[in-house]
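Trainee: The task is simple: from the sequences and hints, build the whole structure.
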Amino acid sequence: MILAGCDGDRSWRLQDYLARGGYAALKKIVAEKIPQETIIAELKTSVLRGRGGAGFPTGLKWSFMPRSFPGDKYLACNSDEGEPGTFKDRDILRYNPHSVIEGMAIAAYAMGAARGYNYIHGEIFEIYQRFEEALEEARAAQLIGQNILGSDFSFELFAHHGYGAYICGEETALLESIEGKKGQPRFKPPFPASYGLYGKPTTINNTETFASVPFIMNMGGEGFLNLGKPNNGGMKLFSVSGHVNRPGNYEVPMGTPFAELLEMAGGMRGGRKLKAVIPGGSSAPVVPAGIMMDCTMDYDSISKAGSMLGSGAVIVMDETTCMVKALERLSYFYFEESCGQCTPCREGTGWLYRVVHRIEHGLGRPDDLDLLNSVTANIMGRTICALGDAASMPVQSFVKHFGDEFMYHIENKKCLVPPEVQYAGSQIYVSPSC
Amino acid sequence: MLEIEIDGKQLAVEDGSTVMDAATQAGVYIPHFCYHKKLSIAASCRMCLVQVEKAPKPLPACATPVTAGMKVWTRSEAAIKAQKGVMEFLLINHPLDCPICDQGGECQLQDIAVGYGGVTSRYQEEKRVVFNKNLGPLVSTDMTRCINCTRCVRFTTEIAGEMELGQAFRGEHAEIMPFIEKTVDSELSGNIIDLCPVGALTSKPFRFSARTWEMSRRRAVSPHDSLGANLIVQTKHDVVMRVLPYENEELNECWLSDKDRFSYEGLNSDERLTTPQIKQGGEWKAVDWQTALEFVANGLAGVARDHGGEAIGALASPHATVEELFLLQKLTRGLGSGNVDFRLRQSDFRADAARAGAPWLGMKVAEVGELNRLLVIGSFLRKDNPLLAQRVRQAARRGLHVSVVGPTADDWLLPVRQRALVAPSAMVDSLGQIVVALAAEKGAEVDALLRDRLPAQAGDEARAIAASLASGRKVAVWLSNLAVQDRRAAELQQLANEIARLCGGRAGVIGEAANSVGGYLAAALPSAGGLDARGMLEQARKAYVVLGAEPDLDFANPALTRAALGTAQLVVALSAFDAESLREVADVMLPVAPFAETSGTFVNCEGRAQSFVAVARPQGDTRPAWKVLRVLGNLLALPGFDYQDSEAVRDEALAGDIATRLDNRVGEIAPFAVVPATCERVTDVPIHFADPLVRRAPALARSRDAAAPVARASAATLAALGVEAGARVRLAQEGGRVDLAIVADDGVAAGCVRVPAAHPATAGLGAMSGAISVERI
Ligand SMILES: Cc1cc2nc3c(=O)[nH]c(=O)nc-3n(C[C@H](O)[C@H](O)[C@H](O)COP(=O)(O)O)c2cc1C
Ligand code: SF4
Ligand code: SF4
Ligand code: FES
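Taken in order, these protein sequences are the chains called P and V.
Note that the first sequence covers residues 24 to 457 in our numbering.
Note that the second sequence covers residues -3 to 773 in our numbering.
These are calculated hints, taken from the structure and not from any lab test.
All residues carry an ideal CB built from backbone N, CA and C; glycine is no exception.
Hints may contain errors.
Straight-line Cα separation of at most 20 Å, SDA-like style, residue types lysine to any residue; simulated pairs [as the list claims (entries may be wrong)]: (1) K423(P) with M403(P); (2) K77(V) with D412(P); (3) K33(V) with R209(P); (4) K470(V) with A362(V); (5) K53(V) with D412(P); (6) K77(V) with G404(P); (7) K123(V) with E359(P); (8) K53(V) with A409(P); (9) K34(V) with M159(V); (10) K211(P) with T14(V); (11) K211(P) with E49(V); (12) K211(P) with A362(V); (13) K34(V) with P61(V); (14) K34(V) with S13(V); (15) K204(P) with T153(V); (16) K211(P) with K470(V); (17) K123(V) with H380(P); (18) K50(V) with M403(P); (19) K211(P) with S36(V); (20) K123(V) with L386(P); (21) K80(V) with L394(P); (22) K123(V) with R209(P); (23) K223(P) with R394(V); (24) K252(P) with N268(P); (25) K211(P) with Q106(V); (26) K77(V) with H380(P); (27) K204(P) with M159(V); (28) K204(P) with E171(V); (29) K211(P) with A64(V); (30) K123(V) with L394(P); (31) K77(V) with K34(V).
Which chain V residues stay away from chain P? Per the calculated CB distances, all over 10 Å, these [said to hold, decoys possible]: (32) E84; (33) E121; (34) T140; (35) G455.
Mentor: Structure (structure tokens):
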């Protein structure tokens, strides 16, 4: 859908997008003065759920905006994409930036917002530049700016690049960062819909969420819903990475069996056995192979398997993976990326990382697993933003599903998966001592 | 109102309250660190997690709004579990170095850890170390102890008005720090010591000198500015070790200025005068009290006998107590002299005969928060009265529009909507224009007394200020120190009154010192026909009694003061300090008790009399001044000096209702012609030099506010004067000259040079306002 027809070398150009039927939805809405309620109702019908990770129904979110509030209202597109394993938004912006611009323009129309920002991760600067070019094209064609397509609807859209902090992807930290402050999440309530950017009502959606909007408008909410399965409408981009033959982004209907997705990604590298999958980005709980092979790729099925569809980043691990080492790397990430504002996350992420690091380096203690469980329990649900939970869920799930591997490490001061096997899988040298 | 339940207690709380507010109302204590009632909500420490009905997770009480029918449990199993979990996190990286930590015994972390912390630590990894920061001479850091509550950051940003601290870096590496190579220079900086819930920020002058439980604590009142901040003075073995705020929501709230907090160091200065001394044959000799008092009594009686009582003049500091001022005037009048004054830095006394009462703020300090329009005239507001400025700053956040008339445009760290940057000599005209514009705006008649003296029309600035004031609901017009010290203070007062009248607001005088109102009430003023502070020096007396003031630093015109005192037959100094400039002119020095060593009363700017007792024994042979004056009265056989205690003096001095004696109105005054000058002096009294005590506090002397004085003038004025910024110049006034560096400062009105007073480097100069010449050297 979003990436369909984007195979050429100019798919990001306005001309190409128009040729693919782009901006038809916006033109129609503006020309026919379609009521805001109709657009939001259509979105509700489509059951589009936020693609940024939380899966919140987009139509409902848009309906929270005080549309008739007379003052400034803002839109923000979250292209901060810092979650390990996730690399879909950058491809949307790289190959089809106009779908995001059109989606945001429609959103602005539907919510009465006059200004929008696309917050782009700082470490993908060429994509930021490409988006700026797309904005220029759209502005020149009167698709954004003052009096869009000659109507009385105006919407200014700007690109803003961050500096690569993961926390700036959290929606309120993103707003702080746009305001020029240190990217730290705000305590909610108040929610952005009432107190957002510069204290004004604001709606934040993920890149893929916005990019889906024009397609929904064109095919109708019902049509989009029917692409997927009930309560899990539409198509979804999955960033498949890890031990597969063809890692990459795959846009498939919601509800596609995991096995099929794995097949599309070329199957397991070297024909090895699947060990585990993190199905929704590094914050989602890990799912052992057996359970995963029975899942379909949609919110409900993955949640039943005890994990989350999250951002749709599918991290595939084969039997050569040392789960202790994998967790150590993840815990290090959260330790480094915590904003440091609230106590449980600031102090807890460091504690988790150090314990896992110790276990990995042969210094584990018998009660470390209980300690990890207890520390995660003390973080979860007690922080300002979801990073605390995101840091805890991998730890809990790794310990739950691969506890023996951790115990083996603690007792034998080395990996259950021998170093040479790990090397065979990853081609990364592993010292025998760990 | 919303009905809710906390720990089974039913209560009704206001809409918009948080669970923390409600708990406070219900008398339920919820442990907390980042929450502070005067600061914005951070909701980051997570210590205040409580259980709320239907909420799946524990919620932070400080940030959770109350909803109708809400049920909260602060000590349920789930709540305690969450609180203990947070406590453990707070402690894992904390150094737990309580035995060597200055906060020990008064540490929120320590206290709460007793209730919620574990006995042993489950954390066996390496602990975090954070390097210390240099925040300046007042606040010491041990940043490894910091729990990142950001109270200090929010204080500097929200209360002090400038973000001098921030939280840099992320996650576990997060650190509180000032901007690179910067220190915390706010005149309110010491408050972050109180706010810091741990020992990360402690008092540099105090640290390692005593434990909180070793000290006795007594209430006191600040002897410095006119706000009358309430203090807790802590002493150990009769030495004042530390000063903390005593919370008084109506005055200082929970804050203190650095001057209030750290000036106590001056009490222990080497320059304390501890024995009576008499100058004989040019040599100072220590004598006993009996000898000294007889010397003084005989000397004064002799002058009165030989030259008449009016040959005696009494000059007292406005930082002296009501009791001291009252007895001094009584003594002076008893000797047959009407020459008494305590307004040592003022130069215009024409209003004296026309005043309806004692000049005062015109309102309660606590009412500042309700103002929505304010005109401040001739002010260094932030430095003149830091806590009043803080109140204005908070009010400005809520929509107060501030306008300013005066010769300087220092950053008050609050939005100033309109400003007339004019030379001191032009302030009268500037206010006159505002009166004209306001009268036009309101279609009202100008008071007959003023009508003929007003400018023909108003300029844009004046009209803008008038429009702002005219649109106000609650308006105040304040005269601040520079206006009160001006040569035409009387006209300024009249015009301020008229502006206030025209816009239905209140006129007020901020007041220079702790007892600027009290001095009036104690009648430390010239009798009809007597000489005021300036007259006594211009028409030199044979004898002077000087109470608590230094000729070089506490008078409007140091050159004139030196000359007058230097030629007198007898100068009696009652002083806590053995000041060089007193030694030069005095014949006898009597050591009298400074702040903290005497009982007394100050009447603050809002007319509130606050009495206090001595908190430490007077050092050496020092005696409370009121007792010294009583004995002198007795020795001179004057009637009415048989007081039992200082309360008896106060009761006599402040008899009746103070409120009825406060009145800013001024009747007709004689006109005054200003001689035009090519260059005019603008004088500020730097906050940490303003009185004898504060200028002897070593830590404050190292603060940014105590930097060596320089002259300032706008770039255009410098060009007109033909001097370069940074050059050394010779400044000359009638009576004296000094050499100083001059810097460019476009916040100084055109044609003016700003030169601080109250510093030895500028004590060679003359009057605080009027002509000054600038020459390059
Ligand atoms: C630590 C953290 C990081 C996040 N990073 C991203 C991100 O990079 N991109 C994103 O779209 N959403 C991210 N989110 C989710 C956003 O807060 C927010 O839910 C989302 O942008 C809403 O858009 P959606 O409803 O379209 O999904 C993150 C959340 C957290 C707690
Ligand atoms: S949970 Fe972590 S990242 Fe989120 S606000 Fe708290 S410290 Fe910052
Ligand atoms: S220094 Fe003190 S007040 Fe400032 S953040 Fe740290 S603990 Fe809080
Ligand atoms: S006191 Fe509520 S979170 Fe800190």
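Trainee: Does each hint fit the structure? Answer for all of them.
Mentor: Evaluated hints:
1. K423(P) with M403(P): Distance ~16 Å between K423(P) and M403(P) Cα, so the pair holds.
2. K77(V) with D412(P): holds, 17 Å
3. K33(V) with R209(P): Holds, at about 19 Å.
4. K470(V) with A362(V): Since the Cα atoms of K470(V) and A362(V) sit roughly 13 Å apart, the hinted pair holds (cutoff 20 Å).
5. K53(V) with D412(P): Measuring from Cα to Cα gives roughly 12 Å; hence the hint holds.
6. K77(V) with G404(P): Measuring from Cα to Cα gives roughly 12 Å; hence the hint holds.
7. K123(V) with E359(P): holds, 16 Å
8. K53(V) with A409(P): holds, 13 Å
9. K34(V) with M159(V): holds, 16 Å
10. K211(P) with T14(V): Judged against 20 Å, a Cα distance of about 13 Å means the pair holds.
11. K211(P) with E49(V): Roughly 18 Å separates the two Cα atoms, so the pair holds.
12. K211(P) with A362(V): Violated - the C-alpha atoms of A362(V) and K211(P) are around 33 Å apart, more than 20 Å.
13. K34(V) with P61(V): Status holds; Cα separation ~17 Å.
14. K34(V) with S13(V): holds, 14 Å
15. K204(P) with T153(V): holds, 13 Å
16. K211(P) with K470(V): violated, 35 Å
17. K123(V) with H380(P): holds, 15 Å
18. K50(V) with M403(P): Holds: K50(V) and M403(P) sit about 18 Å apart, inside 20 Å.
19. K211(P) with S36(V): Holds, at roughly 14 Å.
20. K123(V) with L386(P): holds, 17 Å
21. K80(V) with L394(P): The given pair, whose Cα atoms are some 15 Å apart, holds under the 20 Å limit.
22. K123(V) with R209(P): violated, 28 Å
23. K223(P) with R394(V): holds, 18 Å
24. K252(P) with N268(P): Violated, at about 28 Å.
25. K211(P) with Q106(V): With a Cα-Cα distance of about 30 Å, the restraint between K211(P) and Q106(V) is violated, given a limit of 20 Å.
26. K77(V) with H380(P): The hint is violated at about 27 Å.
27. K204(P) with M159(V): OK: K204(P) and M159(V) at ~12 Å, within 20 Å.
28. K204(P) with E171(V): holds, 16 Å
29. K211(P) with A64(V): holds, 19 Å
30. K123(V) with L394(P): Judged against 20 Å, a Cα distance of about 17 Å means the pair holds.
31. K77(V) with K34(V): violated, 28 Å
32. E84: With a cut-off of 10 Å, E84(V) comes too close to chain P, as the shortest Cβ separation is near 7 Å.
33. E121: violated, 4 Å
34. T140: Its Cβ never comes within 10 Å of chain P, the nearest being 14 Å, so this holds.
35. G455: holds, 35 Å
Of the numbered hints given earlier, the model fails hints 12, 16, 22, 24, 25, 26, 31, 32, 33; all others are met.
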